[in-house]
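Residue numbers (our numbering), protein chains in the order written: chain A, 9 to 195; chain B, 13 to 104.
If you are wondering where the hints come from, they were derived from the structure by calculation, not from laboratory data. C-beta atoms are modelled at their ideal positions from N, C-alpha and C, and glycine is treated no differently.
As a list, the in silico DSS-like pairs of lysine-lysine whose alpha-carbon atoms are at most 27 Å apart: (1) A:Lys50 x B:Lys79; (2) A:Lys87 x A:Lys138; (3) B:Lys79 x A:Lys87; (4) A:Lys122 x B:Lys56; (5) B:Lys79 x A:Lys128; (6) B:Lys56 x A:Lys87; (7) A:Lys62 x B:Lys79; (8) A:Lys128 x A:Lys16; (9) A:Lys59 x A:Lys122; (10) A:Lys22 x A:Lys138.
Computed spacing ranges between beta-carbons, pair by pair: (11) A:Asn53 x B:Arg31: 43 to 51 Å; (12) A:Lys87 x B:Lys56: 21 to 29 Å; (13) A:Asn53 x B:Ala38: 28 to 36 Å; (14) B:Asp20 x A:Asn53: 44 to 52 Å; (15) B:Glu43 x A:Ser193: 15 to 23 Å; (16) B:Ala61 x A:Glu57: 46 to 54 Å; (17) A:Pro145 x B:Ala38: 24 to 32 Å; (18) A:Glu40 x B:Glu21: 38 to 46 Å; (19) B:Ala49 x A:Tyr157: 23 to 31 Å; (20) A:Ser66 x B:Ala38: 36 to 44 Å; (21) B:Asn67 x A:Ser77: 50 to 58 Å.
The primary structure of each chain is shown beneath.
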Amino acid sequence: MGPQDWTKIEGSGKLFTDSSFPADATMLSWKEYPRTVGGLAKYLNWFQEFKRPKDLHSMAINTKNPIQSVSLFGDEYDKTGNLVAGNIEQGSVGDNYLLTVAAALAERGDFIPKMFEQTKYSDEGIFTIKAFVKGRPEYITVDDVFPVYSHNTAFAKPTADGAWWLPLIEKAFAKVHVNYEMISSGT
Amino acid sequence: MTNVDTIDELWSSVNNAVRNNYLITAACFIEQKGLVAGHGYIVKDFVVAKDANGNEVNLVKMRNPYKQIGDTSFKGSSHGDWTGRFSQSDAS
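Excised from the complex, chain B in its bound form (with noise of 0.2 Å):
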């Protein structure tokens, strides 16, 4: 994303594309809080939320479109809801 010069206008402007349906994707250089560095993401949703002592929190929700090296089990479609951490049924 280009022509943000604060995290703030970052967020307002993901903020923006999200809202307004745009095809997003992301990647980062160096591993963080569980991204792959150089790896490919799909941006799927943005929301502002509230943690356990009211501090609003910016939260992306992205999807890891790649198979997992190995992993020879899937068959189906993938457009069914995420099910891991963080997700609706995540009780952590």
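One chain only, chain A, in its complex shape (with noise of 0.2 Å):
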């Protein structure tokens, strides 16, 4: 899923943008299709920015919760090898099964990390993510614009030292469902 050629763009100085995966309400739900139950209907209004982290860095610089420094695995990987693997946070939507499973592969080694084609934070603000669909194995390129509110994500926040791997597979995952309403509530 996303563009074949992704390994061109990557290193090409150029800012992707996903037109398979727009940054705008279609990320969000199926307006003819509104989840009746764990839905987004009464946040979309609240959402109607799109940012991509380098972004949301420098306007949160100075606020009380200042986003870190941007990157894909946190300061502490890039240090220890160790993944911030706790203190994880959801965002508004229901998708906590997702983000408990996550959190457990990040405690063990380099499963996050092995997901990951980019071994660094990509310049071009495109990733690419290996995972199994309907049991086939998969590349899921997405961007890295997110949905926005209060000066952070929208939905999984990065960690507590900077890394976005958490958002990332959250917006790839969603990617694969059309929507983030389609993957609340373990659906």
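Mind docking these for me? Both chains are given alone in their own frames, and the hints should help you get the complex.
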């Protein structure tokens, strides 16, 4: 899923925008078929902005909860090889079934870093995640534009040491399932 | 966990999964024993211990991977040992 030539985009110096998962209301929910349980309808008016982590970082630097420096796996991983696997933060979609598993994987060595084709934060904002979709191995490519609210991501937050692997995995999961609303409540 | 009919089968299944280093998460629909309903936990270990009367007690060790609301203190690794109640250092 995503551009077949993602390897050419990476390193091009040009910011990647994923037209197959655009940063608009369709990323959040399926207007014609809103979820009645665990849906996002009551929040949709809140999430009208979409931003990249580097923009959020510069916006929030002087706020009460500043986003740390932008990194794919975080300062702790860069220093020690251990991901920060605790103190993860869920956002406004009911997907803790996914985030809990991601946190459990993060406790186990390199499982999370090995899901990514990238070894560090992509300057182009393009990320390719390897996952099984309906039993088939797939490359899922996403950009790093996230719905935001109150100077932070609307959904899964970056970790305390500035790692964005969790919001990116969540975004790839949402892309596979059409939108963020569709990953709510474990269905 | 599916395909278990009795509580003993459940414990056996948990024990088997832990011993084989399976990735296990858990949640409950009703808040009980300090566990928050609808919240996700990571199952870390399972042991059978004995209480003061010699009765076997099944103990499950779990980690809450989530940040507590309002907690801005955390900056480091989460790989340290649990030091709270029922931990190795708990004298109560």
